[in-house]
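Trainee: Spelled out from the first residue to the last, the chains are:
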Amino acid sequence: MTPLTPTCESDACAIIADAAARRMPLAVAGGGTKAGIGRPAQTEATLSSAALTGVTLYEPAELVIAALAGTPLSEVVRALADRGQQLPFEPADYRALLGSSGKPTIGAVAAANVSGPRRIMAGAARDSLIGVRFVNGRGEAVKSGGSVMKNVTGLDLVKLMAGSWGTLGFVTEVTFKVLPRPERSATLALAGLSDSRAVEALCAAVASPFEVTGAAHLPAALDGGEARTLIRIEGFSFSVDHRLGELKRLLAGYGPAEAIDGERAGALWAAVRDATLLAEPHDSAVWRVSTAPAKGPALMAQVARALQARWFYDWSGGLVWLATDPAGDAGAATIRGAVATQGGHATLVRAPAEVRAAVDVFEPQPAPLMRVTRDIKAAFDPAGVLNPGRMYAGV
Amino acid sequence: MSIAFPVPDQAILARREEILRGLAPLVAPEALIVTEDERRVFETDGLTAYRKLPLAVVLPSTTEEVAAVMRFCRENGVKVVPRGAGTSLSGGAIAQEDAIILGVAKMNRVLEVDFANRTARVQSGITNLAISQAVAHEGFFYAPDPSSQLACTIAGNIAMNSGGAHCLKYGVTTNNLLGVTMVLVDGTVVEIGGEHLDAPGYDLLGLVCGSEGQLGVVTEAVVRILRAAEGARPALMGFDAVEDAGACVAAIIGAGIIPVAMEYMDRPAIKICEAFAHAGYPLDVEAMLIIEVEGSDEECEDTLARIVEIAQPFRPKTLRVSQSEAESAAIWKGRKSAFGATGRISDYICMDGTIPTGRLPYVLKRIDEICKAEGLGVANVFHAGDGNLHPLILFDINKPGEMEKAEAAGEEILKLCVEVGGCLTGEHGVGIEKRDLMRCQFTEADLKQQMRVRGVFDPGWLMNPAKVFPLEGRVAA
Ligand SMILES: Cc1cc2nc3c(=O)[nH]c(=O)nc-3n(C[C@H](O)[C@H](O)[C@H](O)COP(=O)(O)OP(=O)(O)OC[C@H]3O[C@@H](n4cnc5c(N)ncnc54)[C@H](O)[C@@H]3O)c2cc1C
Chain D
1 MTPLTPTCES
11 DACAIIADAA
21 ARRMPLAVAG
31 GGTKAGIGRP
41 AQTEATLSSA
51 ALTGVTLYEP
61 AELVIAALAG
71 TPLSEVVRAL
81 ADRGQQLPFE
91 PADYRALLGS
101 SGKPTIGAVA
111 AANVSGPRRI
121 MAGAARDSLI
131 GVRFVNGRGE
141 AVKSGGSVMK
151 NVTGLDLVKL
161 MAGSWGTLGF
171 VTEVTFKVLP
181 RPERSATLAL
191 AGLSDSRAVE
201 ALCAAVASPF
211 EVTGAAHLPA
221 ALDGGEARTL
231 IRIEGFSFSV
241 DHRLGELKRL
251 LAGYGPAEAI
261 DGERAGALWA
271 AVRDATLLAE
281 PHDSAVWRVS
291 TAPAKGPALM
301 AQVARALQAR
311 WFYDWSGGLV
321 WLATDPAGDA
331 GAATIRGAVA
341 TQGGHATLVR
351 APAEVRAAVD
361 VFEPQPAPLM
371 RVTRDIKAAF
381 DPAGVLNPGR
391 MYAGV
Chain A
1 MSIAFPVPDQ
11 AILARREEIL
21 RGLAPLVAPE
31 ALIVTEDERR
41 VFETDGLTAY
51 RKLPLAVVLP
61 STTEEVAAVM
71 RFCRENGVKV
81 VPRGAGTSLS
91 GGAIAQEDAI
101 ILGVAKMNRV
111 LEVDFANRTA
121 RVQSGITNLA
131 ISQAVAHEGF
141 FYAPDPSSQL
151 ACTIAGNIAM
161 NSGGAHCLKY
171 GVTTNNLLGV
181 TMVLVDGTVV
191 EIGGEHLDAP
201 GYDLLGLVCG
211 SEGQLGVVTE
221 AVVRILRAAE
231 GARPALMGFD
241 AVEDAGACVA
251 AIIGAGIIPV
261 AMEYMDRPAI
271 KICEAFAHAG
281 YPLDVEAMLI
291 IEVEGSDEEC
301 EDTLARIVEI
311 AQPFRPKTLR
321 VSQSEAESAA
331 IWKGRKSAFG
341 ATGRISDYIC
351 MDGTIPTGRL
361 PYVLKRIDEI
371 CKAEGLGVAN
381 VFHAGDGNLH
391 PLILFDINKP
401 GEMEKAEAAG
411 EEILKLCVEV
421 GGCLTGEHGV
431 GIEKRDLMRC
441 QFTEADLKQQ
451 MRVRGVFDPG
461 WLMNPAKVFP
471 LEGRVAA
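Order-wise, the sequence lines are chains D and A.
First residue of the first sequence: 1, per this note's numbering; consecutive thereafter.
First residue of the second sequence: 1, per this note's numbering; consecutive thereafter.
Chain A on its own, in the form it takes in the complex (with noise of 0.2 Å):
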């Protein structure tokens, strides 16, 4: 428990019965939980070893309740954490003694679907995937595909700009993304963006994506829906050295290819996943990659043709292209269910660090060097096309200390990560997990220009306040 959270605030304490008084006429009185065995429910998120009851959660219906709610917290000093559907792995949706959580899950609906112009507008409270269900009868979908997509809401996404298997052909969500209605702290709507493309003045909308929940409470969006590719296919293959499998990577983009995805799973890793999904992946291998590529039947296969040759130098062990969509799909779930599988025999903590993909091969080594140190086992999946690692930290809860051996062992990754050029979250955002190594990858200037930036919407730090930023060292406005 090396995280420290701030000190709550004792006169919101104090005044907790007046405020959940104040709250109660703003909500139906189903959307607003006191009792302590309800809140419990909110106590933590992906970040399950971290636990704060929230003073209360409120779960509005319209966008005019959530700019209630903000207009008497701000009048009352109380802090505010967003939330979605609770999936953050960085913990930015914990709250404290002292802070209400404001959740828009019950707002999940989708509003306008435009297939001309390619559009969707939903309440920010739906799942990513329900947005991909509701588009799918027209051949469209929504591309940012988190692991958590059948989870997380589209809210979370935009807080974090999550991203997910497939964005290194369609990007992550900021790039997805069109418009926002948000509640600011003060209770006033604004509407940022909308159908149409870039920002008239200030890029706002790419501000507020990734901004983790501090700048506003985002109650709609406006979402770029996508015409689905003629077919896709994936294919498997093992290397021997983790050297190959990189400079593989590498190749197939030297060569012009950009497959739709590009991920990577070490032995460990493939281990846990085939267990789980009975894929078929390959187990006598160091690495695996899946390898996926779209387009008509015979654009997949020229292009597969194409990545296979290219992958001939590297000595692949296992070359296997998918011959059928339930193999493609068996081959999928061994991927997205990774956290899942591995959660099943394992505690983990996941790490998301970025690294330049040239010093894959280096940075593999040292993350394995660090775990042993500390006497720890681990498991790599990421995304080999743009550098985005997810190490998966084995350890016991149940031992004393193994999980601060995990966190110093985590820590030590991510600032490898920042080391050999790279940043210390690629998706899963800052929260409160990587708060405090903040300095090593920007310096007081670099905060400070964000911190002002983040006081013109919440000048009192009343927005989701114990992330992002170290503790100490914050400017007001």
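Bound-form chain D, shown alone (with noise of 0.2 Å):
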């Protein structure tokens, strides 16, 4: 069926009241790119923001963007890097590890709240995210936050906005705060470390006073290969390599570190990101774990010890993405025991359909927070037509 494709937000007010007023639920989606995440819903139609596209302002020495929500991610990117700037936390191309085409868009980026190894500095998505409009079940446009860095007027749903995954209002545009790109990025590379020992070193080099803004561990068992121990400092030529000096006296004690540049160091940083290093074979299953950064290990052991398993770090091994057998529960008993007693959530970002059915893809809450989040959906979309079930069953 195609897609409907409001071309202003009046008209998306228009298709979701209509769709309210005959409880007819709606898959939302931008690119698509992610349309494999979540449970599957069932939806009689499909309404997509690609024909709200472009950037409505950018204002470089304010450090704000604002784009439709259909705007593709690259063009955002391409304009950000026209005046030497970017979006901080460093969005995820998922496209390779779902096998799905299209182009991610700019409000999607919000909706999921995706974000990368830059994390653990600058904030997720949410973090820059500082403004919002979306149109909620109802069909009413709805807006908050706004363009400028700092506001705490009302309740702040840009935050609930991130991370909706479109259960709770169709986003029409999103204004992120963004910052300038660095001058220079430079990486530390160790070598054949235990997982244990490796959050150790990312953990020393996070709580340094250099600026770490990447920390990721690839294991030996990842592709057979030795253990990376990965560390990226970012900023001024003059500054980095001060600070690279000072990292490598902090880690003396864990084995020679190499100093990569330039590309290389790039597409590292770029298959940690999109978790591209899981992407085959492409029929395992996928998990996203976050925990806190120096449980990573215990939480893998556990999980290891029941599990067949392939995986690696980022966030100073405080996200966990790991491959698993698809067949049966794709190991979320084992996963989410691990996380029950580590501490953190886990997320099912890659099985096949019948799985994410039976499973929660999402991490379930307990009774009181389960009720919270099924009065807010109802609170933006009382009649449960945008994207319903894709986060919770119900919801």
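No lab work stands behind these hints, which were simulated from the structure alone.
Here the structure is a predicted model, which is why all the values come from computation and not from measurement.
A few of these clues could be false.
[Stated by the list, open to error] Facing chain D, according to a computed beta carbon distance under 7 Å, are these residues of chain A, among others:
| # | residue |
| --- | --- |
| 1 | Ile253 |
| 2 | Glu325 |
| 3 | Thr357 |
[Stated by the list, open to error] What the simulated footprint calls covered on chain D by chain A, stretch by stretch (three residues with Cβ under 8 Å from a Cβ of chain A suffice, anywhere in the stretch; the number is not a length):
| # | stretch |
| --- | --- |
| 4 | 118-130 |
| 5 | 133-143 |
| 6 | 155-167 |
| 7 | 205-215 |
| 8 | 280-294 |
| 9 | 314-325 |
| 10 | 370-376 |
Yeah, the Cβ is synthetic: ideal placement off N, Cα and C, and Gly gets one too.
Starting from two chains that each stand alone, build the complex the way the hints lay out.
Mentor: Spelled out as structure tokens, the structure:
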């Protein structure tokens, strides 16, 4: 069926109001590159932001950019790069991982709260998102936040929209805070460390005064090669040199450190960001687990005792990407058990639809928070027409 | 006295004795404050022009006690105003005759510090500065630094999503908060977030932060602690024209430099702060910037050299890089005591709108005109990098009508901020102060959506009910 593609906000209002009146559930989509994430929802039509495109405001000196939701991420990235700026949170591109095509959109980057390695230093997409316009499930146009960096006026619905996966509103426009692109980026690589030693090194680096903006560990078992532990710093060249030297000294006890610059380092960080390291074999299930950094290795040790898995760490050990056998529950019981002991949450990012229908894709929450979650959904979308069931059954 | 309070619930006033008897067994005897003299201490906050005696004040020592009090209040239809240190500048912590104040000030301990994970779990009544002090021995600190940090609590910071002078680089409270323990209106205790990043489902933590005590009572928090930079150094720049200072800020950012702080003061503010702090501020300029950079000595020198070069075309009249720890401290002392120093010479109200920084010269000119039209003086201090203004409108409370004039000017200024594309409040919160201006910034649909979300947590409007949303046109859940 051809998607519904409103060309302006009031169009979107009319479409959603009509769907609500008829209780017709809509799949909310941007470029559709992340359509495979979430529980399979029973929808009757797709509402797409494809026809809402264009940068609507860009003030480099004020560090803000706004764009309509369907604007390709690449277009926003390019506009920023032309003025030597960037989205601080390093948005990921999951096309290779999910085997999807199309173009990721800026609205979906917000709605999915997608952040990459720099998240440990610069915050998540939700931290850079300063304003959003959306149409709620009643067909009302609503705004929250604005285009200034500091704003505490009223309840912060911007945060609720970030990471709501289209279940609370159809995002029509987003405004992000941006930052200068660093003059230089350098990566320090340690070799052959065990998970726990590696995460120890990463935590030491991140807890140093040297402003680490990327901290990842790729264990040997990931691709049969040697384990690599990566630490990235960025900034003015002069300062990068200084901090590189200091970090080498700080981490001397973890074996020789190689400094890598340029394209090789860039490719490695893109692979970490986009989780392409686990793209193959394409039929494995892929999980994304967030925990306290120092607990990552223990969590994975617990998982690995019960499951066949391949994994790597980002966020200083606090983000574990792992691939499992998609059979049965794809390891859900084991992984969620480990999360329960160590703290955090697990999301099933890639799995066949049957598995995503049977297993909680997003971490189940305690009853009082589940109650709040359901009621928030009803507060935005009482008829349940926007991506119903994509995050949780009945939400 | 132009801000209205709702009419107190007579039925609650009539049952006061019974309510006090019900509260008594829930907390230690000294934690229930009932006498008029003692309640007086809690009749206002940082917005001292407004005063209301609460029905009672309860100062629990544990999350369980908070839960018991909340359960009792809900069952008895008693309104609750959560309170930290009472430094809110928007009247957020002011209660009323039919509401109790539930203060968390006795819950002020550090529960756990984890340097490897860079987190600290604290009780919510701890002061902002005490968190930094508790981790300083390892070279760490808690980044958001409101000028009130010696007194204000993390509970208040979370409720207001407070900022500080250094948030250009480090963000505000919401960017440095990882988790909370919160008591819901029915006494249920929930844990939101934890030591990990990002939410499993909806970002409830992001919603709670900045919710001004309307969604529940925060009793514990997990905050991000950061390792301090190797060093920091401020520079002072004075300009003959406001436009030059504004353009200089834009040029620094345009060159790809994000200093850790860029603070602006105008001539009246410089004079007031210099008299108080003797920081060596230039007295012959229209505008002054405090620009601070971080890193090793060499890095600071390198960055400051770049900044100095960028500043040249804007003809800085004074340009001084701090040469010692003592000099840096004096420079910051002047800025951080701006409100206090102003308070010594005049009554004032402090505005807190944010504007797009490009509109700075225009807005400052208009602020001046607006205040002059009311016959009042104004001193401006603000966070220049992010456009968060703090005009201090000066008046004399003993002159009849002056306070009303100041409030009228304040209202004009905030409307101006919205008009140029900004907002009513950048960090002090809406409270009662800006409640009735919310319709300037938001449409009916915007406000209703917020109120429906509020209703998920507090359908009966028992939590801090007189705040944030205009009194008319409120929706139930
Ligand atoms: C001299 C001075 C300088 C200031 N400088 C700054 C500054 O630089 N930046 C800035 O952002 N602010 C500043 N402020 C404003 C104020 O200090 C902040 O808003 C602060 O966060 C309030 O903290 P508090 O503990 O005093 O909270 P209170 O004033 O007691 O309460 C503030 C709000 O929090 C709610 N609340 C309190 N405790 C809880 C709880 N446990 N659970 C839920 N809600 C709760 C209250 O209901 C109220 O709405 C300044 C104030 C003064 C007086």
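Trainee: Confirm or reject each hint.
Mentor: These are the hints, each one checked on the structure:
1. With its C-beta approaching chain D no nearer than about 6 Å, Ile253(A) sits inside the 7 Å limit, and its interface hint holds.
2. Interface restraint check: Glu325(A) against chain D, minimum CB-CB distance 17 Å, threshold 7 Å, status violated.
3. Interface restraint check for Thr357(A): the shortest CB-CB distance to chain D comes to about 5 Å, inside 7 Å, so the restraint holds.
4. Against chain A, the stretch 118-130 of chain D contributes 6 residues with a C-beta closer than 8 Å to a partner C-beta. That satisfies the three-residue criterion, and the hint holds.
5. Check result for the stretch 133-143 of chain D against chain A: holds, 5 residues qualifying (beta carbon to beta carbon below 8 Å, three or more required).
6. Coverage of the stretch 155-167 of chain D by chain A holds [criterion: at least 3 residues with CB-CB distance below 8 Å; count 9].
7. Residue count for the stretch 205-215 of chain D with a Cβ under 8 Å from a Cβ of chain A: 5. That meets the three needed, and the coverage hint holds.
8. Closer than 8 Å: that is the beta-carbon criterion, and the stretch 280-294 of chain D has 5 residues meeting it against chain A, so the requirement of 3 holds.
9. Beta-carbon proximity to chain A at under 8 Å applies to 3 residues in the stretch 314-325 of chain D; the threshold of 3 is reached and the given coverage holds.
10. Counting residues of the stretch 370-376 of chain D whose C-beta sits closer than 8 Å to any C-beta of chain A gives 4, which meets the bar of three, so the coverage hint holds.
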